[in-house]
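Undergrad: Chains as they are written, first to last, in my numbering: chain A, 1 to 462; chain B, 1 to 462.
Because identical chains cannot be distinguished in the list, a pair is counted as satisfied if it fits within a single copy or across any two copies.
Derived EDC-like pairs (lysine to aspartate or glutamate); straight-line CA-CA distance at most 16 Å:
#1 Lys280 x Asp217
#2 Lys280 x Glu295
#3 Lys321 x Glu164
#4 Lys321 x Glu365
#5 Lys280 x Glu427
None of these hints come from the bench; they were simulated from the model.
2 protein chains.
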Amino acid sequence: MSLLSLSRGDLATFAAQHRSDFERWLGDLVNIPSVSVDPAHAVDVRRCADSALAILSGAPVTAVQTQLIETGGYPMVHARLSANPDWPTVTIYNHLDVQPADGDDWRTDPFQLTQHGARYIGRGATDDKGPAVTALLGALSARSAGVPLNVAFLWETEEEIGSEHFASTLQAHTELVRTDAVVVSDTIWITRGKPSSPAGLRGLLPFRLTLRTATNDLHSGITGGVVRNPLAELMQVVSACVDGTTGRVLIPGFYDEVEPLTLQEEDAFLSSGFSVEAFKRDHHVDSLRETDALEVLRRLWALPTFEVHGVVGGYTGPGVKTAIPPAAEVKLSSRLVPNMTCQKTLDRIATFIGERFPDVQVHAEPGLEPYRGQASGPLADAVRSAYRFGFGVDAVFTREGGSIGAVPSMEQILQSPVLFLGLSLPEHGYHAPNEFFDWEQAEGGIAAFAALFAELATTLRH
Amino acid sequence: MSLLSLSRGDLATFAAQHRSDFERWLGDLVNIPSVSVDPAHAVDVRRCADSALAILSGAPVTAVQTQLIETGGYPMVHARLSANPDWPTVTIYNHLDVQPADGDDWRTDPFQLTQHGARYIGRGATDDKGPAVTALLGALSARSAGVPLNVAFLWETEEEIGSEHFASTLQAHTELVRTDAVVVSDTIWITRGKPSSPAGLRGLLPFRLTLRTATNDLHSGITGGVVRNPLAELMQVVSACVDGTTGRVLIPGFYDEVEPLTLQEEDAFLSSGFSVEAFKRDHHVDSLRETDALEVLRRLWALPTFEVHGVVGGYTGPGVKTAIPPAAEVKLSSRLVPNMTCQKTLDRIATFIGERFPDVQVHAEPGLEPYRGQASGPLADAVRSAYRFGFGVDAVFTREGGSIGAVPSMEQILQSPVLFLGLSLPEHGYHAPNEFFDWEQAEGGIAAFAALFAELATTLRH
Numbered sequence: 001m002s003l004l005s006l007s008r009g010d011l012a013t014f015a016a017q018h019r020s021d022f023e024r025w026l027g028d029l030v031n032i033p034s035v036s037v038d039p040a041h042a043v044d045v046r047r048c049a050d051s052a053l054a055i056l057s058g059a060p061v062t063a064v065q066t067q068l069i070e071t072g073g074y075p076m077v078h079a080r081l082s083a084n085p086d087w088p089t090v091t092i093y094n095h096l097d098v099q100p101a102d103g104d105d106w107r108t109d110p111f112q113l114t115q116h117g118a119r120y121i122g123r124g125a126t127d128d129k130g131p132a133v134t135a136l137l138g139a140l141s142a143r144s145a146g147v148p149l150n151v152a153f154l155w156e157t158e159e160e161i162g163s164e165h166f167a168s169t170l171q172a173h174t175e176l177v178r179t180d181a182v183v184v185s186d187t188i189w190i191t192r193g194k195p196s197s198p199a200g201l202r203g204l205l206p207f208r209l210t211l212r213t214a215t216n217d218l219h220s221g222i223t224g225g226v227v228r229n230p231l232a233e234l235m236q237v238v239s240a241c242v243d244g245t246t247g248r249v250l251i252p253g254f255y256d257e258v259e260p261l262t263l264q265e266e267d268a269f270l271s272s273g274f275s276v277e278a279f280k281r282d283h284h285v286d287s288l289r290e291t292d293a294l295e296v297l298r299r300l301w302a303l304p305t306f307e308v309h310g311v312v313g314g315y316t317g318p319g320v321k322t323a324i325p326p327a328a329e330v331k332l333s334s335r336l337v338p339n340m341t342c343q344k345t346l347d348r349i350a351t352f353i354g355e356r357f358p359d360v361q362v363h364a365e366p367g368l369e370p371y372r373g374q375a376s377g378p379l380a381d382a383v384r385s386a387y388r389f390g391f392g393v394d395a396v397f398t399r400e401g402g403s404i405g406a407v408p409s410m411e412q413i414l415q416s417p418v419l420f421l422g423l424s425l426p427e428h429g430y431h432a433p434n435e436f437f438d439w440e441q442a443e444g445g446i447a448a449f450a451a452l453f454a455e456l457a458t459t460l461r462h
Numbered sequence: 001m002s003l004l005s006l007s008r009g010d011l012a013t014f015a016a017q018h019r020s021d022f023e024r025w026l027g028d029l030v031n032i033p034s035v036s037v038d039p040a041h042a043v044d045v046r047r048c049a050d051s052a053l054a055i056l057s058g059a060p061v062t063a064v065q066t067q068l069i070e071t072g073g074y075p076m077v078h079a080r081l082s083a084n085p086d087w088p089t090v091t092i093y094n095h096l097d098v099q100p101a102d103g104d105d106w107r108t109d110p111f112q113l114t115q116h117g118a119r120y121i122g123r124g125a126t127d128d129k130g131p132a133v134t135a136l137l138g139a140l141s142a143r144s145a146g147v148p149l150n151v152a153f154l155w156e157t158e159e160e161i162g163s164e165h166f167a168s169t170l171q172a173h174t175e176l177v178r179t180d181a182v183v184v185s186d187t188i189w190i191t192r193g194k195p196s197s198p199a200g201l202r203g204l205l206p207f208r209l210t211l212r213t214a215t216n217d218l219h220s221g222i223t224g225g226v227v228r229n230p231l232a233e234l235m236q237v238v239s240a241c242v243d244g245t246t247g248r249v250l251i252p253g254f255y256d257e258v259e260p261l262t263l264q265e266e267d268a269f270l271s272s273g274f275s276v277e278a279f280k281r282d283h284h285v286d287s288l289r290e291t292d293a294l295e296v297l298r299r300l301w302a303l304p305t306f307e308v309h310g311v312v313g314g315y316t317g318p319g320v321k322t323a324i325p326p327a328a329e330v331k332l333s334s335r336l337v338p339n340m341t342c343q344k345t346l347d348r349i350a351t352f353i354g355e356r357f358p359d360v361q362v363h364a365e366p367g368l369e370p371y372r373g374q375a376s377g378p379l380a381d382a383v384r385s386a387y388r389f390g391f392g393v394d395a396v397f398t399r400e401g402g403s404i405g406a407v408p409s410m411e412q413i414l415q416s417p418v419l420f421l422g423l424s425l426p427e428h429g430y431h432a433p434n435e436f437f438d439w440e441q442a443e444g445g446i447a448a449f450a451a452l453f454a455e456l457a458t459t460l461r462h
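Pulled out of the complex, with its shape left as it was, chain A reads as follows:
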């Protein structure tokens, strides 16, 4: 089956006819405050999974199979709209848990879906409940058009808290969740009207440095000058690892696995709609380490980082108290780019520090491997065609500076390629007050998903 058998007009009609389903289902999900980071919302996270299960179970197709999968933490929802053994299977990944919605900046109740014109406002509207409902309608439209593809859904509820139980749960249910490809819809375009799909994600290696030099606070007059200062020593360690001003990592070999961008990748980055000025405005920053657009993009998407996130130890009240603390801790992380690994990076950091500062302890926290996606080949071409079908313009393959832990887990455990068909826009406000999704993205998204399924029915045919 090829794209030619789907008509963009038919898809527009389908979307218009099902807009009320879209709004009802999105409301069912947004109106439940599934804030996974807040234990006070534990019941709501489960209620949201139940609500999603009800939406999927009630989908107007024959033989839908749904299952709530317990993970040890919050559950996952799995559903298959069809299970024809002659057809390939594609699984759509979304998440149902959301960020908190504290603070006074919300102009509407964040947990009551509010429609203003074509905007659907509420916590989770764009991250990631709106894209989930859009993908479902895309699958239903493909189903009604007879696309010979089994579409499954895997909706987790621990994404905002690190997907702690995701990999082990997939491992325990490999037969249930088996698939030929995965499509993730949880990424953000660079700008409206320019569809973009990440062909790579950065990984994340969080770690802590600790140093103890005494058993209790020391008087900086009586002992100062002779006793060690763990804060000053750890600052020296960090400054030996990274140039704090430029961000350049000084650890030998740190960049060895980084692959240079191809000219095609650079061209795609530059044509993604990215603007340094828009970036500064969106993030409310006046000065950056770098202002050349390509260099900025290289640093965001194609180079690793070494960031300091916090310091524990010593006095933090008003003014200055002059005790010398007995111990200190620095919280750090590195974002990793494809071809790097958490273990090798950690080894380099630990060796560098261990040789120069033998008293300093390096503590690794659970990491996320980087992910290399596909910017060429039949699967990337299917994504490209799908966006063109849905939104009428060519898509570009960019990268994602952030990390989605579930992606390398799915690739490895499900032994499937992972594609990205994201629908969110920067102005939708991931994690921000007054988060929204909009019908333009939903309508185009339904068509794009339908087209992607049609393409993959051919590409993945057994």
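Following the hints, put chain B in place on chain A, whose structure we already have.
TA: What follows is chain B alone, placed relative to chain A:
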């Protein structure tokens, strides 16, 4: 009048006869929790000043003049045992406020003076109520021996919170508190049996560095690598200022005003009873930046420092959260040695940082100037003789690594030399649980003060 007219035996008799006065007065003061840092004890600080006023007013001498001096904060107590216009006047400085006595390590009620053998246990027993009562008895013994010297007392109640109102109050009462010399009794010998008197105090320049690079937390995946990291930058600033491992300050000219020690000073330091091993044991530290005794003493008493005391900004909970904070603050201080000044040191630091890191703000907090005391000349000789008389061994002139803000204030405002006749021992536990004073130090101290007054009656004679 010379020392020859006082007999050590008579002083021993005087001390033994007045031991009950010593114990009663010390109990009157220690049993009041005059914790100046804790607003909950505000009433107690004033009660303690009133109690001290009653003790001084009731002293068995004719014509004692006492006054409570309001400061705008907690009061000062001033008293003159005599006011003979033909005699010189010496003022004894002590403080009545104490450190908190929290925690479970106290074996007795810290605010109930407890006697175990020759030990007097309670918060403030050695810092600084015991030395105050000892000096009073020394003055009464000198009075009864007919020493032609007016002795006055200046007891403040804000020492543990930085003597904020001390200088301005002296300025406002220069006539009331006029004197020919000041004796401070609030310092610690290096070891029992080896009287030592500081011939210099370090000053203190507390300051803060702040840097703002954004308006809110930034996502280290979406923005990391391009946006600035204020914690990493401030760590680089600190590491440019000081070698965190050795403590060596890297700011050009920082050490320019530091005067090298004379051979006599080095000899005095080395014969003070200082032991590197005892220092490590007392402060519960295993490793030091330096282990040679003379180098250790140079760093403690005769070299400036650059210490990091705390960091504000970013995440400080368990594990690692990977946001990049929008701003950070580092709390620091330098101890200064004689011939350095707060202003010149601050200027050097601010210039160095301003040239290299123009976005970083340097905020100075109120500082304390260093103080150069006297290790030779008639006043120093008087201190030497007094200790020899009281304790039977020669005293050494050392330095104090800490800062006593009142000392340079008194020298400058009262235009008087400041001498030190401290009586506390390291094992007495300044600021520590189970703080105590002991009768051996009190008895020797009464004799030493009497001898000092006799010496100064001659030395300061108009």
